[in-house]
Amino acid sequence: MTPGIAPEDVLVKISTEASTAFMNDYHHALQSRRNTISSFYIPPSSMQGGKPIPTIVMNGNILQNGGAVQEMFENQMPPTRYDTQSIDCHVLNPQYAPEGVSHSRSAASTMTILVIVSGTVRFSEDRNDPERQFSETLVLVPNQDRRAQGQRPKDFLIQSQNFRVVV
1 MTPGIAPEDV LVKISTEAST AFMNDYHHAL QSRRNTISSF YIPPSSMQGG KPIPTIVMNG
61 NILQNGGAVQ EMFENQMPPT RYDTQSIDCH VLNPQYAPEG VSHSRSAAST MTILVIVSGT
121 VRFSEDRNDP ERQFSETLVL VPNQDRRAQG QRPKDFLIQS QNFRVVV
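Residue 39 in the UniProt record's numbering sits at position 39 of the sequence shown, with consecutive numbering throughout.
A few of these clues could be false.
To be verified - Between beta-carbon pairs, the in silico distance windows are: (1) S124 to N35: 18 to 24 Å; (2) Q85 to G50: 34 to 40 Å; (3) Q95 to S32: 34 to 40 Å; (4) P7 to Q48: 27 to 33 Å; (5) A21 to N162: 34 to 40 Å; (6) D25 to S124: 21 to 27 Å; (7) S86 to P52: 28 to 34 Å.
Read the hints as simulated data drawn from the structure, not as lab findings. For clarity, every value in this text was computed on a predicted model and none was experimentally measured. Even for Gly, the Cβ is constructed at its ideal location relative to N, Cα and C.
With the hints as constraints, model all of the structure from the sequences given.
Structure representation (structure tokens):
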């Protein structure tokens, strides 16, 4: 065990619970709370080297930020119904802390998590319409600003996302 890092079993438990809760909340927002979608993403910024984040790709289309995802779902997407069948997660970095943030916080507030999700989505309110398989890969990072305006603060936010409807 590395000093200052939680034991692996603790990291696995925390990441599994956090990923499951996050994906349930996120897919619920895509279905029925579309005005909250942008709050699931980190604010736009740049990584070292100038690469913009968040990185969001939906079916091959690059979206600039969480606001663009929200706008797409509010104005272009029909009603959706997500059924998550599998969530796999892995701790990428147990001690992630952006510049200016203390490293002495709990494991739950310092890890980054890779999340791989699969399931079905129906792009209609009609239960008789077909469901499509989807695959989604995300990188979740700790929410550095947990002060939510009128809502429960999210522990993690999306830094990178690739969503694909499987043909």
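Verification of the supplied hints:
no., hint, verdict
1, S124 to N35: 18 to 24 Å, "21 Å, holds"
2, Q85 to G50: 34 to 40 Å, "38 Å, holds"
3, Q95 to S32: 34 to 40 Å, "36 Å, holds"
4, P7 to Q48: 27 to 33 Å, "30 Å, holds"
5, A21 to N162: 34 to 40 Å, "21 Å, violated"
6, D25 to S124: 21 to 27 Å, "23 Å, holds"
7, S86 to P52: 28 to 34 Å, "30 Å, holds"
When each numbered hint is compared with the structure, a violation occurs for hint 5 only.
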